[in-house]
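Asker: Each chain, written out:
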Amino acid sequence: MNVEGKIKNILSRVLGIDANKITDNLNMDNTPEWDSLSTMLIVAQLEDDFSIELTVEEIIQMSSFFSLREIVEKRFITES
Amino acid sequence: MKANFANVNKAVTILNERYPTICSGIIGDSLDDKSLYSYSEMVLQYYVKYIGDPFAQNTGIDSFARISYDFILLQSRFNKLRQYKNKSAKQLEMELYSDSKKMEGYYLSGLFLTYAFWPNHIKILRFFIEKFLRNQPDICNYIEVGVGHGLMPLTLLKELDNSIYHGIDISVSSINATKKLLENACIHSNRYSFELIDATSDIVFSQSKHLFKAGICCEVLEHVEDPSKILRFLRQRMIKNSQLFITTVTNIAAEDHIYLFKNQDEIHELFNKYGFHVKEEMYLPLQGYENADYIPANYAAILI
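One line per chain: the protein sequences are A and B, in this order. Residues 0 to 79, numbered by numbering that gives the first Met the number 0, are exactly what the first sequence covers, in order. Residues 0 to 303, numbered by numbering that gives the first Met the number 0, are exactly what the second sequence covers, in order.
One or more of the hints may lead you astray.
[As the list claims (entries may be wrong)] Subject to a maximum C-alpha distance of 25 angstroms in a straight line, what follows is the list of computed SDA-like cross-link-like pairs (lysine to any residue):
#	chain 1	residue 1	chain 2	residue 2
1	A	Lys73	B	Pro19
2	B	Lys79	A	Ser62
3	B	Lys84	A	Asp17
4	B	Lys79	A	Asn29
5	B	Lys261	A	Ala43
6	B	Lys272	B	Asn240
7	B	Lys122	A	Ser37
8	B	Lys9	A	Asn26
9	B	Lys101	A	Thr54
10	B	Lys79	A	Gly15
11	B	Lys84	A	Ser50
12	B	Lys79	A	Asn24
13	B	Lys84	A	Val2
14	B	Lys79	A	Ser37
15	B	Lys86	A	Glu46
Because the hints were derived from the structure by calculation, they are not lab data.
Okay, chain A solo, but in the shape it has when bound:
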């Protein structure tokens, strides 16, 4: 599964929404289930599924599906 697919699965599990309905438009403002507690769960899953350690600066940026994808994809580019 690619990065996008994995992140959709994480968001689906944590936020309880259909992965097929997750688009780049999904963000904290239009998703009431996405709060600080959910962010903790998302962080934990991202770190586990991608074997990365996120930084505080990256978590500050994490407010949408698009930004999550950017953060993770950037990691793989940096590390390759």
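Given the structure of chain A, go ahead and fit chain B onto it with the hints provided.
Answerer: Just chain B, lined up with the frame of chain A:
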């Protein structure tokens, strides 16, 4: 939100704009206990009057956000591992408490403002003022272990005109920041004094001569390798039957948390070991964990 809490209103608006992730966990319209707004406003007014502009970039609000995001990251890892990062007190002193850039940068001001925005901290501040300070003798000398950001001595010295305060901390930055805070608040210098010492150090006891009528120890026990030494220190310095206001946490992660209390019983056990008994206490689980098999919670107590 009420119209007369101008600073709270402004702060929440800015936090929503700059840092939406953390806004679900802070004071806001959804807060059930509206009386907490007055304490939130008080803390922000203190910041405005005695520290600086909390809304300027890279200070105040931004520092608080940094503390909050640190918490999100570290708590997410703690929730998996159920243990704190394995740091020693020596490491912490070197990496944080002796680092004036970090301490005077985001750490102290960010922590100060957690008492304006985190509901549990605001409740603890209210408990401190209404149940502890207002029940102390009119003329009283206080000892505090862990001066930190200085909010407790500031509140104490403003609330009780005849109180005298002696603060102990391991960090020069904490002591300097608190001194500056009290100076800016026009608290007379003959009402406060400080000692730069490690209260867990055995060498301290040979120097102690004063006996204090009340003690304060907020957010210290979880920051040391052996919290029993802190309680021993306070027991030795306080008059018998005097009251101690103390706070700590169970299962809450932070950059500088070393000692893990897993539940309230472990905290009580420590108190009992040094002859402290709970007069009144608050146990405040974080939202969302009330039914978990381990509970991240803030804890505060008045001990005698």
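Asker: So, for every hint listed, does it hold in this structure?
Answerer: Comparing the hints with the structure gives:
1. A/Lys73 with B/Pro19: At roughly 22 angstroms apart (the allowed maximum being 25 angstroms), B/Pro19 and A/Lys73 satisfy the hint.
2. B/Lys79 with A/Ser62: Between B/Lys79 and A/Ser62 the Cα gap is close to 22 angstroms, so the pair holds against 25 angstroms.
3. B/Lys84 with A/Asp17: The hint is violated at about 35 angstroms.
4. B/Lys79 with A/Asn29: 28 angstroms, violated
5. B/Lys261 with A/Ala43: 21 angstroms, holds
6. B/Lys272 with B/Asn240: At roughly 16 angstroms apart (the allowed maximum being 25 angstroms), B/Asn240 and B/Lys272 satisfy the hint.
7. B/Lys122 with A/Ser37: With Cα atoms ~24 angstroms apart, B/Lys122 and A/Ser37 stay inside 25 angstroms; holds.
8. B/Lys9 with A/Asn26: It holds: about 23 angstroms lies between the C-alpha atoms, which stays within 25 angstroms.
9. B/Lys101 with A/Thr54: 17 angstroms, holds
10. B/Lys79 with A/Gly15: 20 angstroms, holds
11. B/Lys84 with A/Ser50: 18 angstroms, holds
12. B/Lys79 with A/Asn24: 30 angstroms, violated
13. B/Lys84 with A/Val2: 29 angstroms, violated
14. B/Lys79 with A/Ser37: 14 angstroms, holds
15. B/Lys86 with A/Glu46: Distance ~21 angstroms between B/Lys86 and A/Glu46 Cα, so the pair holds.
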